[in-house]
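Participant: Residue-level listing of the chains:
2 protein chains.
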Amino acid sequence: MSFRIGIDLMGGDKAPAEVIRGIRGYLDQTDSPASLHLIGDPALANPLLEEEKIAASTYAFHATTEIIGMHEHPTRALKEKPDSSLAKGFQLLATGQIDAFLSAGNTGAMLVGSLFSIQALEGVIRPTMGTIMPKLNGGTGLILDVGLNADCKPEHLNQFAVMGTVYARHILGIKEPRVGLLNVGEEEGKGNLLAQATYPLLRENTSIKFVGNIEGRDLMGDKADVMVCEGFTGNILLKMAESLYDMAKHTGIEHPFLDRFHFENYGGTPVLGVRKPVIVGHGISGSLAFTNMIRLAEQMLQTDILGNMAIELAPKS
Amino acid sequence: MSFRIGIDLMGGDKAPAEVIRGIRGYLDQTDSPASLHLIGDPALANPLLEEEKIAASTYAFHATTEIIGMHEHPTRALKEKPDSSLAKGFQLLATGQIDAFLSAGNTGAMLVGSLFSIQALEGVIRPTMGTIMPKLNGGTGLILDVGLNADCKPEHLNQFAVMGTVYARHILGIKEPRVGLLNVGEEEGKGNLLAQATYPLLRENTSIKFVGNIEGRDLMGDKADVMVCEGFTGNILLKMAESLYDMAKHTGIEHPFLDRFHFENYGGTPVLGVRKPVIVGHGISGSLAFTNMIRLAEQMLQTDILGNMAIELAPKS
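These protein sequence lines map, in sequence, to chains A and B. Anchor point for the first sequence: position 5 equals 41 in this note's numbering, and the numbering is continuous, going up by one each time. Anchor point for the second sequence: position 162 equals 198 in this note's numbering, and the numbering is continuous, going up by one each time.
It should be emphasised that the hints constitute simulated quantities derived from the structure, not laboratory data. Note that the coordinates shown come from a computational prediction; the quantities given were computed from them, not determined experimentally. A couple of the hints might just be wrong.
No copy is singled out in the list; a pair is fine if it fits within one copy or between any two copies.
Said to hold, decoys possible - Taking lysine to aspartate or glutamate pairs in the EDC-like style, the calculated list, with each CA pair at most 16 Å apart, reads:
| # | residue 1 | residue 2 |
| --- | --- | --- |
| 1 | Lys189 | Glu87 |
| 2 | Lys226 | Glu108 |
| 3 | Lys226 | Asp187 |
| 4 | Lys50 | Glu223 |
| 5 | Lys259 | Glu222 |
| 6 | Lys275 | Glu222 |
| 7 | Lys211 | Glu191 |
For reference, chain A alone in the conformation it holds in the complex (with noise of 0.2 Å):
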């Protein structure tokens, strides 16, 4: 059998439009698709289907009637638009209908969504998200947790860096993952309160190879591949790393390296420690960025990569 993949086509400031053009990259770059289950409002996504040519033999079609805005509140929406097509996404997800979902829509309403319809793995305290940075050498880091928890315990962060590991073994293909702490300085003894008591937990982790505290200079560096901080401190890097493409474009500057901050080349973030793959869009995501969150949820899939987790951080009885 092969995976399901739920895709909100209502959800972003392009949709659907550039979703649909997104499936039509997606379906142009395999010769065996994965389901593709189509959530949204048939009227509007008809023309653009038949547009793109895509057969109806390849997706299954959900049809909605409500969307749920970029502005609206979260939790409200959710429960007042129960045929929205992110409500509709999570609901056919929990009842196990698809394998994977994935939205650009409201992106508080996918946060809740994932946390309280899917619900996190067994062990898991808080589930986080990351986002992938470009190094210097060629190679792709990862930062962890970039928004899903603005203020964490050390023990939340040990668990980051585990999950980091397995997602960076399995996603971005790096046998033995270096986990570094973002931190103020290289000693150990260094940081805020949080920092300084992680450090002891992150070394005496034997799920990890923990290489010990990386600085702000490190982050396009060598020294660690998957990079654990606190919401906080790691939503406002990420937003600063996309702001290089912007700026980038701004000052006319075009050199490769730059190009690889922009978001759409890896389409969405995951959220990591649910029980399901949940890939949260950019709002104003083009077609690059969905056909990528495809191959992401797939590659989720066929890797296995929560399982995987699960393993890793299940209790120790």
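Place chain B on chain A using the hints.
Facilitator: The following block gives chain B in isolation, referenced to the frame of chain A:
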């Protein structure tokens, strides 16, 4: 009377040669130089002073015999090496023999010296350090704190906003600096517990012009001039920003905007909220950085920036 600026000749990886070349650079830029107080080992300094043709009439020399190494324990080193150039500088500053002090030596010792030899301005709970952030529109912003206070309370950030406003007004020449709270989202109510509790204090603070939350993508943008955060996030941003210049070198990108991230251009980082100007330089400072540190010290004295801060932060009677 001209201002008396103390210069640690022995601080930094390239001392004393680059310090003395930096002094030459400063003298070349001005017709009425400040009174320079050079602190260090005369046997090492004298040949270099001759080589750079620095006339004895332009400086006073304070001979010292010891040096605090870059990796020594700050408090212990200051105590055990009273005849080091760094400790001597703080003695001269504390006893009123100089008006400002700058060094690229042991950063920890510089901070300990600032806090305990010079003391905070009346009403200041926590002195702070800021760094400038180049803006895409050609302007310059200020981020603070960037590492002096890894853990903060809302009232600390509220004072950083005031100190940053005074600095931006007098040193960066921004008439009415806009203060932004660095956060994970635009709306009030966003953020970690610290940011949530800080927002109302900034909003009610009549000494500043608060423009609300700013995000990581706004750091190089035009939303705010003074960007406030705790020193953990700020330090990581500072070092990431500095690494943009290294990134440009590494990738071969040449652009004036990225050149502005080269720390030598601004020289050093002032400690704000203590009674006298102290400027902390990078360990790897070259002559340009020293020139700019001397100029910054002079500018801080000329504008009486600390007097202005004292007025803004004086406890209300």
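Participant: Decide, hint by hint, whether the structure agrees.
Facilitator: Results for each hint:
In this assembly of identical chains, the alpha carbons of Lys189 and Glu87 never lie at most 16 Å apart, being 50 Å within a copy and 56 Å across copies at closest. In this assembly of identical chains, Lys226 and Glu108 lie within 16 Å of each other by CA distance solely across copies; the values are 15 Å between and 41 Å within a copy. Taking CA atoms no more than 16 Å apart as the test, Lys226 paired with Asp187 passes between copies only; the shortest distance there is 12 Å, against 19 Å inside one copy. For the homomeric pair Lys50 and Glu223, neither the shortest alpha-carbon distance inside one copy (47 Å) nor that between copies (23 Å) is at most 16 Å.
For the identical chains of this complex, Lys259 and Glu222 are intra-copy neighbours only, at 11 Å inside a copy versus 33 Å across copies, given an alpha-carbon limit of 16 Å. Taking the closest pair of Cα atoms, Lys275 and Glu222 come within 16 Å of each other only across two copies (13 Å); inside a single copy the shortest separation is 24 Å, beyond that limit. With identical chains, the CA atoms of Lys211 and Glu191 are never at most 16 Å apart, being 24 Å at best within one copy and 46 Å at best between copies.
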